[in-house]
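There are 2 protein chains.
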Amino acid sequence: MKNKPNKLKYKQLGISTQKDNVVYLRQDSDVCISEGFEALTRVRVSTANTSIVADLNVVTSDILGLDEIGLSNKAADKLNLEDGDLLKVTHLEPIESLMHLRAKIYNQELDYEAYQSIITDIIKGEYSNIQVAAFVIACAGNRMSIHEISNLTKAMTCSGVQLKWNSEMVMDKHCIGGLPGNRTTPIVVSIVSAFGLTMPKTSSRAITSSAGTVDTMEVITNVSLSPEQIKNVVEKDGGCFVWGDAARLSPADDILIRVEKALDIDSEGQLIASVLSKKAAAGSTHVVIDMPVGETAKVRNMETARLLSSHIETVGQEIGLQMKVIITDGCQPVGNGIGPVLEAVDILKILRGEPEAAKDLKERAILIAGQLIELSGKVKLGEGSSIALEILDSGKAYQKFKAICLSQGRFTEPVLAKFSHEVYSEAEGTLIRIDNRKIAKLAKLSGAPEFNGAGILLNVHVGNTITKGQLLFTIYSGAEGELKYALGYLKKHTDILTIL
Amino acid sequence: MKNKPNKLKYKQLGISTQKDNVVYLRQDSDVCISEGFEALTRVRVSTANTSIVADLNVVTSDILGLDEIGLSNKAADKLNLEDGDLLKVTHLEPIESLMHLRAKIYNQELDYEAYQSIITDIIKGEYSNIQVAAFVIACAGNRMSIHEISNLTKAMTCSGVQLKWNSEMVMDKHCIGGLPGNRTTPIVVSIVSAFGLTMPKTSSRAITSSAGTVDTMEVITNVSLSPEQIKNVVEKDGGCFVWGDAARLSPADDILIRVEKALDIDSEGQLIASVLSKKAAAGSTHVVIDMPVGETAKVRNMETARLLSSHIETVGQEIGLQMKVIITDGCQPVGNGIGPVLEAVDILKILRGEPEAAKDLKERAILIAGQLIELSGKVKLGEGSSIALEILDSGKAYQKFKAICLSQGRFTEPVLAKFSHEVYSEAEGTLIRIDNRKIAKLAKLSGAPEFNGAGILLNVHVGNTITKGQLLFTIYSGAEGELKYALGYLKKHTDILTIL
Chain A
3 MKNKPNKLKY KQLGISTQKD NVVYLRQDSD VCISEGFEAL TRVRVSTANT SIVADLNVVT
63 SDILGLDEIG LSNKAADKLN LEDGDLLKVT HLEPIESLMH LRAKIYNQEL DYEAYQSIIT
123 DIIKGEYSNI QVAAFVIACA GNRMSIHEIS NLTKAMTCSG VQLKWNSEMV MDKHCIGGLP
183 GNRTTPIVVS IVSAFGLTMP KTSSRAITSS AGTVDTMEVI TNVSLSPEQI KNVVEKDGGC
243 FVWGDAARLS PADDILIRVE KALDIDSEGQ LIASVLSKKA AAGSTHVVID MPVGETAKVR
303 NMETARLLSS HIETVGQEIG LQMKVIITDG CQPVGNGIGP VLEAVDILKI LRGEPEAAKD
363 LKERAILIAG QLIELSGKVK LGEGSSIALE ILDSGKAYQK FKAICLSQGR FTEPVLAKFS
423 HEVYSEAEGT LIRIDNRKIA KLAKLSGAPE FNGAGILLNV HVGNTITKGQ LLFTIYSGAE
483 GELKYALGYL KKHTDILTIL
Chain B
3 MKNKPNKLKY KQLGISTQKD NVVYLRQDSD VCISEGFEAL TRVRVSTANT SIVADLNVVT
63 SDILGLDEIG LSNKAADKLN LEDGDLLKVT HLEPIESLMH LRAKIYNQEL DYEAYQSIIT
123 DIIKGEYSNI QVAAFVIACA GNRMSIHEIS NLTKAMTCSG VQLKWNSEMV MDKHCIGGLP
183 GNRTTPIVVS IVSAFGLTMP KTSSRAITSS AGTVDTMEVI TNVSLSPEQI KNVVEKDGGC
243 FVWGDAARLS PADDILIRVE KALDIDSEGQ LIASVLSKKA AAGSTHVVID MPVGETAKVR
303 NMETARLLSS HIETVGQEIG LQMKVIITDG CQPVGNGIGP VLEAVDILKI LRGEPEAAKD
363 LKERAILIAG QLIELSGKVK LGEGSSIALE ILDSGKAYQK FKAICLSQGR FTEPVLAKFS
423 HEVYSEAEGT LIRIDNRKIA KLAKLSGAPE FNGAGILLNV HVGNTITKGQ LLFTIYSGAE
483 GELKYALGYL KKHTDILTIL
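These protein sequence lines are chains A and B, in that order.
Using the numbering used here, the letters of the first sequence correspond one by one to residues 3 to 502.
Using the numbering used here, the letters of the second sequence correspond one by one to residues 3 to 502.
There could be a bad hint or two in this list.
Stated by the list, open to error - The calculated EDC-like cross-link candidates involving lysine to aspartate or glutamate, where the alpha carbons are at most 16 Å apart (straight line), are: (1) 13(B) - 64(A); (2) 300(A) - 266(A); (3) 13(A) - 170(B); (4) 90(A) - 170(A); (5) 380(B) - 237(B); (6) 126(B) - 111(B).
To be verified - Which chain A residues face chain B? A few, computed with CB under 10 Å, are given here: (7) 12; (8) 14; (9) 23; (10) 26; (11) 138; (12) 319; (13) 321; (14) 325.
To be verified - In silico negatives: residues of chain B with every beta carbon more than 10 Å from chain A: (15) 74; (16) 140; (17) 230; (18) 320; (19) 379.
Honestly, the hints are just simulated from the structure, not real lab data.
Backbone N, C-alpha and C fix where the C-beta goes; we use that ideal spot for every residue, glycine too.
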């Protein structure tokens, strides 16, 4: 043998397994035989400098040579490999934190150190999917005390980057389980920064929805800024609207959330730890949470909402955040537009004080901005909303918005999609329900958020009296094909709007 | 395009992923683009006649052509594919039983139908590893009522093959968490069948231990029999010792147990359902469970043992089995030999009534056989053991044993391994402890059960007075290399035997 035993040459196979690390070895290779590996053992793959843990797939054909080793694309990226690089494969050492995971499965209460060791191992990639799933489920179904949720939140906060700001008071907001069109963030940031507070807002893209705050703000300005650029914008303008992903805040969350998605569950402890760890890691000190409640929203009834908001406030206090949860109406979309460009149009109309601006979105933004201003302690309780309204109506919020956009690199007016289809009522009566999930699905089928001009423009709201032939909404799309998909879905789902 | 969209040609890639089904598609294939698949979505792969669910891996190189599709080796076997066969790939329909899984995660009690639908979907391969793990953990940590354990047991029993016998009374035994060398089964079957009862015993190979009953019996006779052959043996001789795996009894168990292994947990509900569903599916009506208790056994203390045995008996009753659990001493290995051939030697010596036969193994076999005979109701309570002893001492059990072996195809005398190493005491005093796990590990390192002659022959038992230089045990091995591995382990672990 030319290589020392157990040194293998990397060969790019070009197999993408999403986030799972997979290593490919020949069944008849010296390593497989001498080390006694079997398919799907988890092994450690090391370069001279670094290593990852990967699932072993055994190759029984000649897509690999006897002295070669393959890796899934992302695993190869992590090790920064080129063809021919030498790698070592070894058995996995025992994972110490599994002891704590077992204790949790057997209903024991875990302390901070235990959660920290589990979260650290999960981020390092030591846990298999089975082990991550076991952790999520052992913590689901109200199996965590409030104190444990605080410990998990702290562990997740410390597990990644933690931002620091040159300000004692750092404001933040979050909406639990977004409602279509509920794009208050850009308006709130503009009002709160114009008031003089620091609000360096990091947001996310749509995960399963038709638009995230980042997708919407990208229509108007640049959102992918370096930490240095973000710092400059915030020092100059007091606020920003940027994409938070690059910051690697609370990185365990992405891994844990995959399990919840695969099962379509939302566990309370995980939800609270996810939201609050990201706020704490972003350096925030004062946080307002918007919790929409409605039968097609994430939180479906007032009882759940009251309990959840009380738990969020308790955990917030335990980890040192000034918190306020406000329960809002989640029975229908907010604003008129659903989709990045359409939502950007809504935001600009409100900031510019245009008469046809969406009243519900404006009121909600005022409420949240007002609560944040009150939370700062700089005004009397009860005065926040009127101060926020004054800042908005005076045009100061719009000036601040424009200033931040220009500091972030550009200010672009939104442009609607080319293709559209108007949907008219075939019934008459009162609009009693809009299904948030189905209208969001319709917007996605029309092409949002990938095609930013696509989406839905609503002309009606719950409670409106509807006449036969009245315009209900317009579907915008960048391509005729997608418009067809959306219309197909519309035909099959006649309960998106309920008129009685 | 020559093929209809979404029809792809199978190409063998030769990648073994153990039990996970994986499908490989080119990123730029028409199917990936038009169906919007992303890496690691789970999809359905269909031939004209059948289909499987598989994880999608996306290929970014030319190991596959644009109109080709690859599958992991076992997935291809399941679909019985040859190069060029046409396959269709479609999105996965929603899995209905996940609704019940979510209910269980949220601590609701599930009924029989719910467990049945979950187990059915798991066996069909509809669940991802994450979903299977979620089910196991949602049921672990005493989260199942006794009634739920009965429902799960029934669902698992009905999920695979169920054997039927021409006898109203079918005897069976099981040992919870085997103890090294505790090879009572062949002796018990011989005694019980010689008494005139039907005992068609299916056993398993070693999973993590140094020998299973099947590994041991294979030294002496054939154990891989067809259902037809088994039936003939049992009709002729009343009993058998065969490998149960081929029978596909309670097939969900293998899938669930992977999760428990990955986490090194043993959940009570799963353990009971696993054991009793296999007994019920094997057509057994009367079952004695041997439960060894000791600090290095699976069940570590009497409190756990009493609770577990009471739960096993209750579930047994609920599913219609006549049950008896006997708690036995699990503080040390049973018999002298550890390893297939060495255990076969122990068994033959007892059956032949040789004076140096292992007393502890003989007593334990008598106890279990006696309990089974009593459970049949054919003798008075308290008489079972003496009747069993009489059958053994009279040579009738040995005649029965030999007859069954010959009916199964051969009777071969065991042959010890060529290489051996004797280990002598360096201390003097009383032998107070033998670590079951470590002595089993030593036997495995010597080559058992793969090399059937390998293993450990113990010369001492707990309680013996040991003098300096006394022979403690002999390590047998088929190759000098493996003997070296075993000796290396021995040097590092001085607490396998504790002499004080």
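Item to check | Status of residue 140(B), Cβ more than 10 Å from any chain A Cβ | outcome: violated, 6 Å
Next on the checklist: The output says residue 379(B) does not contact chain A. Does that hold with a beta carbon cutoff of 10 Å?
Outcome noted: holds, 39 Å
Item to check | Restraint outcome when residue 23(A) is required to lie within 10 Å of chain B by C-beta distance | outcome: violated, 12 Å
Next on the checklist: Check the hint pairing residue 90(A) with residue 170(A) against an upper bound of 16 Å on the C-alpha distance.
Outcome noted: violated, 48 Å
Checklist entry - Going straight from one Cα to the other, do residue 13(A) and residue 170(B) come out at no more than 16 Å? => result violated, 62 Å
Checklist entry - Does residue 230(B) really sit off the interface, with its C-beta more than 10 Å from all C-beta atoms of chain A? => result Consistent with the label, residue 230(B) stays out of reach of chain A, its closest Cβ about 33 Å off (over 10 Å).
Checklist entry - Close enough to count: is the Cβ of residue 138(A) nearer than 10 Å to one in chain B? => result holds, 8 Å
Checklist entry - Was the hint right that residue 325(A) lines chain B, CB cutoff 10 Å? => result Check failed: Cβ of residue 325(A) comes no nearer than 26 Å to chain B, outside 10 Å.
Item to check | Hinted contact residue 319(A) with chain B - closest CB pair below 10 Å | outcome: violated, 27 Å
Checklist entry - When the nearest CB of chain B is found for residue 12(A), is that gap smaller than 10 Å? => result With Cβ-Cβ at 14 Å, over 10 Å, it is violated.
Next on the checklist: Can you verify the interface hint for residue 14(A): is its Cβ closer than 10 Å to any Cβ in chain B?
Outcome noted: holds, 7 Å
Item to check | Closest CB of chain A to the CB of residue 320(B) still more than 10 Å away | outcome: Holds, since 25 Å exceeds 10 Å.
Consistency note: the structure conflicts with the earlier hints numbered 3, 4, 5, 6, 7, 9, 12, 13, 14, 15, 16.
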